[in-house]
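Start from the sequences and build out the full structure, keeping to the hints where you can.
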Amino acid sequence: MATTIKQSIGTWDTLHENGPFPTKNLFITSLESEGNIPSVTDRYNDAAEEIQRLLREALSLGQGFRAIGSRWSLNDIAHQRDNLHVNAKMNLKKTIAADEIEPGSSFQPDYLFFFQCGNIIKEMHNFLASKGKAMHTTGASNGQTIAGCISTGVHGSALNTGSVQDCVVGLNLIIGPDPQDNVYLERESQPVMNERFVQSIHARLIRSDELFNAALVGLGSFGFIHGVVIETEDRFLLKRYVRKINKDLALELATTLNFHDSLFKIPGETDAAGHGLLPYHYKVFINPYVTDTDYVIEAMYKKPFQQGYPDPIPAIKKSIYRDLILLFTKIAESCQNNIPKLIKLLEKSILPPPDLEITGTLGEIFWDAGYQGPAYACSVGIDHRDSGRALDVLVKLAKEEGPIPGIYAMRFVKQSKATLAFTKFPVTCMLEIDGITWTPHNNKMISLQRFSTRMIEVLKANNIPFTLHWGKNADWSFPGLVEHMYGPNAAAWKQQRSSLLSRQQAALFSNDFLVSTKLDEYVGNVPV
Amino acid sequence: MKKQNYWIPLYHIFLLAAIALLPSCYSVRLISRDGIPEPDYTNNSQDFYKNKQVHVLDTTIRLKGPEGDFTMIQNCGSGGFYSLEYRSTLGGVLLSAITFGKVRKVKVKYVCLKEGS
Ligand SMILES: Cc1cc2nc3c(=O)[nH]c(=O)nc-3n(C[C@H](O)[C@H](O)[C@H](O)COP(=O)(O)OP(=O)(O)OC[C@H]3O[C@@H](n4cnc5c(N)ncnc54)[C@H](O)[C@@H]3O)c2cc1C
Numbered sequence: 001m002a003t004t005i006k007q008s009i010g011t012w013d014t015l016h017e018n019g020p021f022p023t024k025n026l027f028i029t030s031l032e033s034e035g036n037i038p039s040v041t042d043r044y045n046d047a048a049e050e051i052q053r054l055l056r057e058a059l060s061l062g063q064g065f066r067a068i069g070s071r072w073s074l075n076d077i078a079h080q081r082d083n084l085h086v087n088a089k090m091n092l093k094k095t096i097a098a099d100e101i102e103p104g105s106s107f108q109p110d111y112l113f114f115f116q117c118g119n120i121i122k123e124m125h126n127f128l129a130s131k132g133k134a135m136h137t138t139g140a141s142n143g144q145t146i147a148g149c150i151s152t153g154v155h156g157s158a159l160n161t162g163s164v165q166d167c168v169v170g171l172n173l174i175i176g177p178d179p180q181d182n183v184y185l186e187r188e189s190q191p192v193m194n195e196r197f198v199q200s201i202h203a204r205l206i207r208s209d210e211l212f213n214a215a216l217v218g219l220g221s222f223g224f225i226h227g228v229v230i231e232t233e234d235r236f237l238l239k240r241y242v243r244k245i246n247k248d249l250a251l252e253l254a255t256t257l258n259f260h261d262s263l264f265k266i267p268g269e270t271d272a273a274g275h276g277l278l279p280y281h282y283k284v285f286i287n288p289y290v291t292d293t294d295y296v297i298e299a300m301y302k303k304p305f306q307q308g309y310p311d312p313i314p315a316i317k318k319s320i321y322r323d324l325i326l327l328f329t330k331i332a333e334s335c336q337n338n339i340p341k342l343i344k345l346l347e348k349s350i351l352p353p354p355d356l357e358i359t360g361t362l363g364e365i366f367w368d369a370g371y372q373g374p375a376y377a378c379s380v381g382i383d384h385r386d387s388g389r390a391l392d393v394l395v396k397l398a399k400e401e402g403p404i405p406g407i408y409a410m411r412f413v414k415q416s417k418a419t420l421a422f423t424k425f426p427v428t429c430m431l432e433i434d435g436i437t438w439t440p441h442n443n444k445m446i447s448l449q450r451f452s453t454r455m456i457e458v459l460k461a462n463n464i465p466f467t468l469h470w471g472k473n474a475d476w477s478f479p480g481l482v483e484h485m486y487g488p489n490a491a492a493w494k495q496q497r498s499s500l501l502s503r504q505q506a507a508l509f510s511n512d513f514l515v516s517t518k519l520d521e522y523v524g525n526v527p528v
Numbered sequence: 001m002k003k004q005n006y007w008i009p010l011y012h013i014f015l016l017a018a019i020a021l022l023p024s025c026y027s028v029r030l031i032s033r034d035g036i037p038e039p040d041y042t043n044n045s046q047d048f049y050k051n052k053q054v055h056v057l058d059t060t061i062r063l064k065g066p067e068g069d070f071t072m073i074q075n076c077g078s079g080g081f082y083s084l085e086y087r088s089t090l091g092g093v094l095l096s097a098i099t100f101g102k103v104r105k106v107k108v109k110y111v112c113l114k115e116g117s
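As you go down the protein sequences, you meet chains E and C in turn. Take the first sequence: its position 211, counting from 1, is numbered 211 in the working numbering, and each next residue is one higher. Take the second sequence: its position 83, counting from 1, is numbered 83 in the working numbering, and each next residue is one higher.
Worth flagging that the hints you see were computed from the coordinates, not collected in a lab. Worth double-checking, as some hints may not be accurate.
Taking CB as the label site, the calculated pair distances span [unchecked claim]:
(1) C:Y26 - E:L356: 26 to 32 Å
(2) C:G79 - E:Q504: 36 to 42 Å
(3) C:G79 - E:M1: 17 to 23 Å
Built from N, CA and C at the ideal position, the CB exists for glycine as well.
Structure (structure tokens):
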């Protein structure tokens, strides 16, 4: 039997210490050993029973229950006052056999994999690499769980690919303690797995595009995600360049993504006629306090996998243009948490010189995160065509109402089908502000809370449609925020959630974050 | 005239320096490139070990026989070690030197690989 340890913790915090938040219990479930239950599917079903037991207990006490991933989100989205569940040890992985695929499905079994919720991205990379496969995309590092990634919509800067949730084609949710509460969701328009597979995991099959798209970025509130079926591709290499280029050119590329006709060219990354190729990844780093003529950009080009390339990890480990927060902490190193000194440094410092060129797999390029201390991160999604305007507005905000200890970056991500994906524009520019947390009163500075509110206000005042990264800092209780960002999709999400969950189950999987955003609303009388 | 004994203050200085240096140490950490650490989301330490389940070995080994080679066996699940940090102190080095390697201070911090990863 899978077993669970219960700890009374009192408070709980995120990796980057954005809490602490009052919390009664932490549950940690471990799988039964392989020696005792050799079959992966049997061990998976055994774990499902354990989760259902915990859900029954929480329901009987009238309490809430929430799964956490690696606690990498920088707000209270993963928090629940009564019961938090650590999934990390629930990390089964399985290939998909041809006889588990729905007849007529367009998916190839060799490219499909079934992962239990607690697998972190790095272990998925390892498992897939051992089969010659790779994920389509990830975030800038590899420590999040797969369930945590899709629940908030984790993205990299794969402008033609999408976010992590976009590779998920099947979702196994546990929504309550009873047998019918184990459900397996797929899109009706994209059937993947057959009844045989669904029965093997003791689930009930539901095929619906609307329900699947809503549950995909489910904010931890659509039930317990037990496992996901993901689509992969053949492993590939990324060749990464970091360059300083003219600011106007960098912004022109951001707003047009027209690499073909741009003056920006990297030798070897052009077509036969000498036009620039579309990179797999494009990112711009910005210090908002310096009027620089140049920006640092990172561009990556996809290459077929071949063996024998030099080990990229030593260079990646030294590279500072990886994660925005890592770059910031490297710049801030000399100031030792002296915020005024840090701001002065930012006001005169240009960004450090670019890194070396590196080639590696997705898992190698987006390797382990380098910073574990206190931090904040705000991330706004805008149509990439608005990226220049949005940058002006938010830089002006930092200069006029700040300063705040942070720097900016822009990444670009293809549209997601998920109902509440913040990557909702044809290509979304994620404009990020990362830095270390500060005490506003001691330093007579604007607070993070106030800055987050002003971000929303100035974007609205300038008529720039936007979204916000669900796993990052924002004024989540700003009135009418979710409706403003998502229009009718906000109501559609609540409706789908209410159609899947009973009122009692909806309360079980709710939390303060959901209440702040008014997404906890239960829509009665929806067809079940 | 009484002969000045310069050795006493020098001896004191040497003693003070030795005491100050005793706890001085360095550490070396090895980590697995592709490994995944056993997580512990209640570990809020402010360093590399945050979120990781840490095991500490802080002991003194007394060898009886003349053997120079010595092995300690630790259980790290089926996966093995993710990281290992060895800490060396001047006190430990001196102790080992004085006892001709028979008494050894061991300070090791390690993290296992995540089970099933
Ligand atoms: C160092 C660092 C780098 C980052 N880089 C990026 C980046 O490049 N791109 C990006 O988009 N974001 C990035 N983020 C943000 C982070 O990746 C996201 O917030 C992500 O959701 C965190 O995943 P997690 O596994 O830690 O989940 P958590 O933060 O623990 O939880 C996130 C949500 O998932 C839910 N959840 C987790 N497991 C389950 C389950 N089994 N069932 C139901 N719900 C579940 C939780 O309830 C919560 O609502 C970064 C954060 C850090 C700290």
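Given the range 17 to 23 Å, decide if the beta-carbon distance of C:G79 to E:M1 lies inside it. The hint (17 to 23 Å, Cβ to Cβ) holds, given that C:G79 and E:M1 are roughly 22 Å apart.
When you take the CB atoms of C:Y26 and E:L356, is the distance between them in 26 to 32 Å? At roughly 29 Å between Cβ atoms, E:L356 and C:Y26 fall inside 26 to 32 Å, so the hint holds.
E:Q504 and C:G79 - C-beta distance against the hinted 36 to 42 Å: Hint holds: Cβ distance 40 Å, inside 36 to 42 Å.
Going through the hint list in order, the structure satisfies each hint without exception.
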